[in-house]
Structure formats: C-alpha cells, structure tokens
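Visitor: Model the full assembly from the supplied sequences, consistent with the hints where possible.
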Amino acid sequence: MYGDCEAISSMGGNMVVSSETLFTSTFQNPNFTYLPLEPLPPMIPKEENGSLLRGKEEMKSGSESELQETTEQPLKKKRYHRHTAHQIQELEAVFKECPHPDDKQRMKLSQELGLKPRQVKFWFQNRRTQMKAQQDRSENVILRAENDSLKSEFYRLQAELSKLVCPNCGGPPVPGGVSFDELRIENARLGEELERVCAIASRYIGRPIQTMGALMPPSLELDMNIYPRQFLEPMPPPILSETPSYPDNNNLILMEEEKTIAMELAMSATDELVKMCRTNEPLWVRNNETGKEVLNLDEHSRLFHWPLNLKQRSSEFRTEASRDSSVVIMNSITLVDAFVDANKWMELFPSLVARAKCVQVLSQGVSGTNGCLQLMYAELHVLSPLVPTREAYFLRYCQQQNVEDETYWAIVDFPLDGFHNSLQTSFPLYKRRPSGCLIQDMPNGYSRVTWVEHSEIEEKPIHQIFSHFVHSGMAFGANCWLAVLERQCERIASLMATNIPDIGVIPSPDARKNLMRLSQRMIRTFCVNISSCSGQVWTAVPDSSDDTVRITTRKVSEAGQPNGLILCAVSTTWLPYPHHHVFDLLRDERRRAQLEVLSNGNALHEVAHIANGSHPGNCISLLRINVASNSSQHVDLMLQESCTDKSGSLVVYSTVDVDSVQLAMSGEDPSCIPLLPLGFFITPMELLNDGGCKDEANEHNITTGSLLTVGLQVLASTIPSAKINLSSIAAINNHLCTTVQQISSALSSNCIGSCNEGDNGKEK
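Sequential numbering from 26 applies to the sequence shown in the numbering used here.
Hints are supplied without guarantee of correctness; some may be wrong.
To be verified - In the EDC-like style, the derived pairs of lysine to aspartate or glutamate whose C-alpha atoms are separated by at most 20 Å in a straight line are:
#1 317 / 711
#2 146 / 128
#3 300 / 349
#4 133 / 122
#5 748 / 583
#6 146 / 117
#7 141 / 161
#8 157 / 122
#9 671 / 583
#10 382 / 372
#11 671 / 314
#12 121 / 171
Honestly, the hints are just simulated from the structure, not real lab data.
Predicted, not measured: the structure shown is a model, and the values here were computed from it.
Guide: The structure is reproduced here in structure tokens:
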C-alpha cells in the first residue's frame, strides 16, 4: 500500500497526497447523492472487540504518521550504480577479445574491478545488445542505399527501353509482343536444325560444311584490335603516362551453351593434366645433356585428343613443355585458395605474374572451391624490358579427386581457342595448353606439388642476351614456377609465425607483419616497373654497346610512389660468375657500400633483421644511412629485401623516412608511403658453347655464368607534366654503366682473391 503512495508521489514531484484524496473514488457523479446509512453493529464477540479496535487505531495512527513524514521530507530516489571510466575501459578491452566470457572470467574481472559478478554479466549482455543494434542500423542504411540505387537503375533502364526503336523500320524493338526468351529458344532450335542438315549434306559431298556458328561472329569476341585494352577496375601502380588499353571485361562473357562446352573441356583438361603429371616414358624423355625432361610431342598427340578441333601446329609456333615436383610448406587448402583468387595469385608470383584478373565465374563449385571454373586473364613477364610479355585468356578449373586411393587437388588451365578461334590476345601470340599442378597433402602442413607447363608461343625474335634463357624454358618453365612457389610459401610461413626471433628495433609481432607487407609492396612495385608489362614503352639508348639499356618515363600523381615524372632505366649484362656469387655481393650492405656508385659515400648499419626463409639470403633488413653523423634530425632509413631460389635472385631496396616506418609498424595503412625501389635481378645462365674443350661426359663445353639486370628509378621532376631532358637521360645512363662496371670489378677481385687462397692452401 505504501509503495503505491510512493510511486504516485514520485510521479507528482513535490505534490502532497493526503489519505482522503488517495482513498476517494475517482468515479463520482454530482447528479447523485448518497443517503447516510446507519452502520450495522459488528458481529464480533465482546472479548475480541476491544483488541480489534485498538489494532485498528494503531494502524490508522501509523499510516497517518508515515504519510505525515512523506509530506515533511521528499522521498528518496532509487540509487543507480554507475561504473567508473577505468572500469568501462577495462570492460571494453575484455569485450574486444572475448564478447562471451565464462563464469571464471567474469568472477576474475569482478574481483579486479571491484564489481559484483552479476554487474559484470549484465554489462556484457547490454554491450552485446548495443553492438547488435548498431550493426543492424548500419546494415539497414547500406541495404536502403542499395535498394534506392537499384530502383534508380531500374527506372533508368525502363526509360531507355521505352526509347528503343528498330534501326530498320523505326518501330518497336520487339514487334508483335514476342518476348526475347521465345526468340532465343527459336534461334537455338533453328541452329540445331541447321547443324543436322549440314551433317547430312556433308556425307554426300564428301567434305564438311560450315555451319552458321562458323559464318557468324562468336558471342565471345576476344580480338584485341576490336576492344580497348583497359581493365574495368584501376590497376595498382605503376601509373603510366599513357594508360594502356585492355579488353573490356563486360563483353568477355560465356553464354549458357558455351558454359556446358567449357565444363566438358575442363574435365578433359583435368584428365590430361593428371596423366602428364603421373606418366613417365615414353611421354616424358630425359635429356642426357641437361638432365631435364622433354615432352614427346608425337606421344602426346597420340594419347590426348582435344574434344574440339584445334588448329594444327604451325612452324610459326614454338612448343614449350616442362615438368617438375617439389614439397612446399603450405597445406593444400591454402594453396588452392591462392590459385583461385587472382589477387593472391599475383602476390604469390610477383616475378612471374604482372597482372591477373578473374573475368567471369562460370561455376562456383561445391564444398568450397571443388568444381570451381573461372575465365581468367593474365599477363606473364620477365623482369626485363628486353623480353616481351605473354598475355592470355584461359579457363582455370579446380577439382578434388582420388587417384589410386590418394586424394589430390588438380588446378588446370586450358585455352579458349577450342571454341573461339578468333581469339587474339597478345603479341607475340601465346596459347596456354592444359597446364597446372597436382597438390597432395603431407604431414605437418606440407604439400607435394607436381607442376606441368605446356604452351605454344609464336616464334618471334628475342634479344640475343635472353634468347637461350627464354628458349630453354628457364623463363616460364615449371621449375621456375615451382622454385618461386617454394620460396614464397616459406615467406608466408614466416609472416604468420610468432616464434621466430627477430633482431633490431621491431617492437611487436604485428609490427613485424606490417613491415613485411610493406616490403612485399616494394618488391611488387619494382617487378612491375622494370618489365614491359602494362604496355610500357621502352626506348633504346644509342650509347650502349650491347644494345641492352632501355629507358622509359611515367607520370605519377597518386599515393604509393613519389608524385611527378619518374625516369626509369634498366640494363642487362652477362657475367661469367655464378649467380650466388653475384647475389652474395649485392645483398650484403657492407660489401655493397664499397661500391661508390651505390653507396654515395654513406655507411650503412642494420638496425632490424627479419628472416623469411630457410636460406640466409632470404631476409628483410632495415638499414640506417650515414650512422656516423651526430645529427639526430633527418635520419633516413633503407628498406631492403633479398630473396633467392633455383630460378634466380632479387635484391630490392628503397629509402624511407623514420616517420613512414613508424607508421607502417603501428598498423596504419602503408599504401600511402611513397616507395621508389631500386634493385637487381640475377638469373643463373649455363651456356652450351660448340667447340673448344669438351668434357668426357658431355659433347659441349658448359659455361657457367649469370644474367644481371639492374633497375634504377629517379624522380626527374616533381611536376607530372614536365618534359624529360637529354641531360637527365645521359646522367642515369652513365650511372647505370658505372654501376655494372663496379660490380664486375668487385666480382673479379673477389674471384682472384679466392683463387689465390685456394693456391696457397694447395702449396701448404
């Protein structure tokens, strides 16, 4: 009863409520009056009458006294416990890590913060409810915006359709109310009838008759001369002065009937890949001179019959085929995901894949990526402008299958020209025959990968310094792909590891990952900028003796590189030294500092070191420039990454300031950090020279050496629209030639020193 009084008093503020008002009926009618009635005598025994009356009087007096107290002093409001700022901060920190703590965690947290476990429990419940409401509101806003956009697009298309007219008669586009679906069905029926009639007629005349499909242009037109060579989405750096054009992806689609053919081709290509990976002689014959496996083309033609008619091999096309196998430190699921995602595929092979894009997903697959079929575009490159890139459209199919009671993942690429003979994608023309890899899981997160590369390339002249490198299959062969994959898998394992000790100023594992990602962007930027990908136009410098120096300019106005006009120069030189000797010289900052043209007289000191592979040369270093200076201002750092494998080596570095490194380590977006990388690309090269001294085992003398490609970039002007002058070209050309000469001299002196040490050892 008193609780009701208190509630009414609180609703009325300071209003005083009397007992008469409280217990008076609210339903009164002034038209009626009540007659006073005589009260009936109570039916109570006499002995109890006095006690009951006394109890009644005490209750009345008690209620009157309590109401009087409420009128004299205001009622006390209910006290609410508010958490302190420190308690809320700690609760928020725990909520980010674990939104659903158990009883033990709540008890521990309540003891630390001085709260009751129920208070902690209710706080987490309210916080989860609040976050769910925020997410719902955000999703509603996004969905509402998408809905409005779709409505606008729908109304726009309706308006456009109402304006369509027939180009011949000027009438409506679909006369007589015939729907497009009916026309499509009728067209398919007539096409089948035409094919049947042509098949019957060809039996009588003795030669095949072309059907309408051969007379009319196909629905998928991939002629590079028709469509502008421009990707729908902007590509990552470099930003060129003249943006190259690429096929418009909106027009590169396969129709439903073509998807059925593509799936049949995928099954045939998968069977061919499995047999090529698991079959030895006579399909693969080992060359006694080089020790490499060579594909027997006659045996291949006998074993595999492509479902559709392909053009016969022409003398204008050169066949490249190779096979290799290795064990990599990555499980099959992660590998398959990297091959299906075009962006991850580019990041996995920065020195081989310049650009890649998924044009159309023909089949999503089941249970993840099993059965996934995609139409893809890729541009492959060698890190030199002297070698043209290879562009191709192809279909990529992913399937998990059991072969001889063993489970494999098969990733197979096969061409489109089986049912699109007018396909022309690049110069020189590049056809990717069924190629790919078989992936088998092994213990401890490893995988065995068997790789097959099979392609046909138009026979065009290549610069003589790279002729043997490309024709021998060292540029795009299976051993090259597999060597890069093995090294990159080690790098990814190092990126994800938390128990690898690092040296230097790296404060945390997250800072280590961010620095490795920044270095990965530096490597990719360097690889793209020194090749002939993306339609970059390179100019030969007439002063170079071997015609191996090329220069180009590009205008940059976006984040990621210094804004302005960038001048890039690349030179390739053959050196008579093993490739690992050249790599050891260039990756060591102390030995490289002896080369005046590269060090500019400044000393280098390593302040951070990250190992990202089993080879000691696979590492990332943060170097301080000119540590002998006593000034603490304007300290420049150098970010360097070196990596090596059987296919070649890379040494790439770029100057960065201290603020940029701290920004990257703190977890901020490093894409805005300007990088202008320089570096070296070293490839092993073994030449077979006719004549001369012959080995007993070989009929030719083998000359061991390496190809050194040097890439330099300078900011010629901070104004993107500026014109390059001849003095800048002459300066960077002179710098490039001096760099090669000093490297060659340093290698020569090291070779002489090692030979003298060997002779002294023999004399002793």
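Visitor: Next, verify each hint and record whether it holds.
Guide: A quick look at each hint next to the structure:
no., hint, verdict
1, 317 / 711, "13 Å, holds"
2, 146 / 128, "9 Å, holds"
3, 300 / 349, "14 Å, holds"
4, 133 / 122, "15 Å, holds"
5, 748 / 583, "19 Å, holds"
6, 146 / 117, "13 Å, holds"
7, 141 / 161, "31 Å, violated"
8, 157 / 122, "16 Å, holds"
9, 671 / 583, "36 Å, violated"
10, 382 / 372, "12 Å, holds"
11, 671 / 314, "19 Å, holds"
12, 121 / 171, "30 Å, violated"
Checked against the numbered hints given earlier, this structure breaks hints 7, 9, 12; the rest are met.
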